[in-house]
Amino acid sequence: MADGYTGKVLRVDLTSEKIATEPINREWAKRFIGGKGLGARYLFEELKPGVDPLSSDNVLMIWTGPLVGTMVPLTSRYVVITKSPQTGTFLDSYAGGYFGPELKYAGFDGVIIKGKASKPVYLWIKDGKPEIRDAKNLWGKDNFKTEALIRKETGESHARVASTGPAGEKLSLIAGVTSDLTRNAGRGGGGAVFGSKNLKAIACRGTMGVEVPNIDEFVKMSKEMLLKDVVENPDHAGSITDGTPIIVDMSQNAAILPTRDWSSGEFEGSAEINSDAIKTRVLVRRKACMGCGLACGSWSKARKGMFKGASTEGPEYETIGLSGSNCGIKSIEAIIKFAEECDKLGLDTMSAGSVTAFAMDLYERKILTKKDTGGLDLKFGNEEAFAKMPAMIASREHIGDALADGSKRAARKIGKGAEKLVIESKGSEYPAYDPRGSIGMALAYATSDRGADHNRAWPVAQDAYGSGDPWNPDGKAAICVEDNTRTSVKWSFIFCDFYAVSFKNMAKYYTAVTGAPADEESLRSIGKRVWNLTRAFNAREGFTRKDDNLPERMEKEPLQSGKTKGKAVPRADFEKMLSEYYKLWNWDDQGRPTKQTLQEAGLGDIVGKLPYLK
Amino acid sequence: MSKGLKAEKEKCTGCQLCMLVCSGTHVSKFNPSESRINVEDKFPEPGEFKLNYCLQCDEHPCVESCPVEAIVFDEGLGIYVVDKEKCTACGACVEACPYEGCWLDPSGTYSIKCDLCGGTPQCVEICPKGVLKR
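Which chain is which? The protein sequence lines are A and B, in order. The first sequence begins at 242 in this note's numbering and counts up one residue at a time. The second sequence begins at 8 in this note's numbering and counts up one residue at a time.
Hints are computed from structural coordinates only; laboratory data are not their basis. It is possible that part of the hints are untrue.
[Unchecked claim] Here are the simulated DMTMM-like cross-link-like pairs (lysine to aspartate or glutamate), alpha carbons at most 20 Å apart as the crow flies:
(1) A/520 with B/107
(2) A/549 with B/55
(3) A/461 with A/244
(4) A/386 with B/17
(5) A/289 with A/846
In this text the structure is predicted, and so the values were computed from the model without any measurement.
Produce the complete structure using the sequences and hints provided.
Right under this line is the structure:
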């Protein structure tokens with residue numbers, strides 16, 4: 242069937258070393274598209290509730306979507322789906338680059354992995370033929386070396402590799418999955434799930450291609466859309482000229498740039514770490530993911546100073562905010578070094594930056610001392626100490642052992658009041674938009690299905706970066722509901738975050754690739770279905786209103802300068818937004834989808850599997 | 008003078024849209040490994056993209072190397088193209104080309120190289136960064 246899907250799913254049991262190819266569940270593909278939605282449906286079905294995410298019972302999946310590997314721009318993505326060991330929630334973590342398309346060219350829409358290998362292995366897929374291979378020589382190697390070694394061993398110089406680094410092998414809960422060196426399914430600890438299964442990598446090489454119903458029409462449409470809806474779309478201008486680092490100045494101006502562990506929203510060194518700093522000091526060339534006309538990535542290299550020679554793609558805004566300003570680092574070169582280390586070791590730069598900032602804060606407060614830091618003078622802004630932190634975390638040495646489990650668990654371990662200082666929701670460190678200058682972000686973080694996150698709702702675009710009132714809680718719930726619905730559809734195709742694609746155009750793509758009809762309404766229904774499904778997954782795991790949390794400091798510690806001077810997130814406003822949000826979704830007062838809501842969302846088949854509904 | 012594609016490879020961002028449109032047009036599916044142009048990402052070192060395609064060079068050693076005369080002159084375009092029917096996939100042209108401008112298709116049944124899409128190269132049309140020129 243030429244409908245964008247390969248039609249095949251690879252199922253691997255690492256315990257018994259059994260591998261099987263099965264047809265994709267066509268009925269689910271119609272109801273959930275692919276990526277987030279389809280993966281969530283499979284995970285809901287295949288994972289027993291209450292499972293320890295790092296046990297052999299957890300299910301680890303990779304999914305693509307029908308558009309992945311075609312010419313439709315900004316869809317060359319894959320998603321890692323599993324139960325997060327960091328948050329205990331549903332986890333969907335995405336990466337661009339080239340791996341997703343390659344998996345499809347190798348014959349599979351998705352991979353479902355269960356069990357645990359008795360010794361380190363990797364999964365090798367070549368043109369529909371899967372194989373579990375020994376990874377003894379890869380264990381302990383960083384992601385860059387792993388890719389090179391797998392290419393050498395398989396004799397396939399074009400092989401694409403998604404691997405876990407040393408951090409994931411040591412079960413760091415902030416370890417991601419890395420592909421194409423610098424592309425990371427970073428959030429939520431997917432790398433630790435790889436490690437817990439003794440799975441070093443999934444590698445593939447495919448020459449089978451992806452087929453669509455009417456190739457000539459499809460090529461024509463894709464060319465038109467690339468020009469009119471992507472390259473010439475004014476919403477994409479910043480992605481073409483700068484990429485995400487353009488946001489540094491926007492956040493600085495709005496005084497919501499996390500600085501020195503969230504103690505300020507303005508950073509006096511922002512000009513040293515913004516997009517201009519990248520363009521004038523370190524940029525080598527612009528870099529794109531497969532099929533993208535924007536090329537928002539910046540391949541950058543430190544040209545002088547103590548980090549001379551370090552290179553990375555980016556650094557991206559989240560990395561700059563959380564490991565730069567939030568650590569008091571005034572050097573783009575130091576951030577490049579930090580990002581390069583994280584990519585090699587397999588750490589999420591967002592969480593690694595956040596836990597480093599947190600450790601610096603605790604060091605300055607004398608809760609941590611040089612005894613804990615292995616002798617490092619871990620003051621805010623100490624570039625040399627800062628650049629050593631990824632290695633300390635990945636190897637679990639000194640305080641790195643606690644930090645490797647994320648700031649919430651680290652704080653519990655450290656004690657001495659550290660617990661009250663953590664900035665997280667459901668154990669996931671906050672992204673780089675301070676809600677004290679964009680109150681809707683507090684709601685977005687609290688209600689994200691994978692823990693604090695900016696890619697499920699992004700109200701900051703409409704207030705701190707737009708014309709709305711950043712402190713008025715009214716209407717923020719509606720923005721989050723709309724964003725949840727839209728992103729659930731986008732992540733099911735899987736489109737890139739940076740494609741400002743309308744429902745109308747997503748429907749156009751859907752019809753072109755599958756041959757089946759679609760419109761804005763049908764896609765909105767899918768979006769609502771997917772968001773209710775992941776919420777139901779979390780509710781089945783026992784998550785309730787109390788878990789949709791606001792960190793204490795956001796409420797009690799007002800910011801000190803600029804536009805956010807004296808601003809905090811009033812508890813009453815937060816609770817008001819949360820209640821309104823549940824109401825808009827037609828969930829119960831604990832934030833759980835009701836039977837009626839699930840039925841209306843086309844999820845009647847899961848009602849019987851939710852204990853809280855009995 | 009060479010009649011092949013021209014590329015300013017410094018501008019290339021590695022999006023591979025050229026490979027996608029090439030395979031879509033030539034083999035009716037999206038399959039970069041069947042593209043007549045190849046872009047390879049070479050990172051972290053030297054940190055650049057390598058572009059391979061037939062330059063339509065004046066010396067055309069591929070033509071001389073072919074034992075079955077499968078690389079024929081297209082009068083209309085003024086370039087050498089592979090006659091798929093005649094080609095035995097012996098690989099002599101791949102060996103002979105000093106520019107890595109042709110290669111065997113993944114099934115190993117014939118040699119593939121740029122044919123300028125009959126005069127309107129699709130990769131030139133689609134390249135979002137203006138890397139490729141006719």
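Hint-by-hint comparison with the structure:
no.: 1; hint: A/520 with B/107; result: violated, 34 Å
no.: 2; hint: A/549 with B/55; result: holds, 19 Å
no.: 3; hint: A/461 with A/244; result: holds, 17 Å
no.: 4; hint: A/386 with B/17; result: violated, 26 Å
no.: 5; hint: A/289 with A/846; result: holds, 16 Å
The structure is inconsistent with the numbered hints 1 and 4, although it conforms to all the rest.
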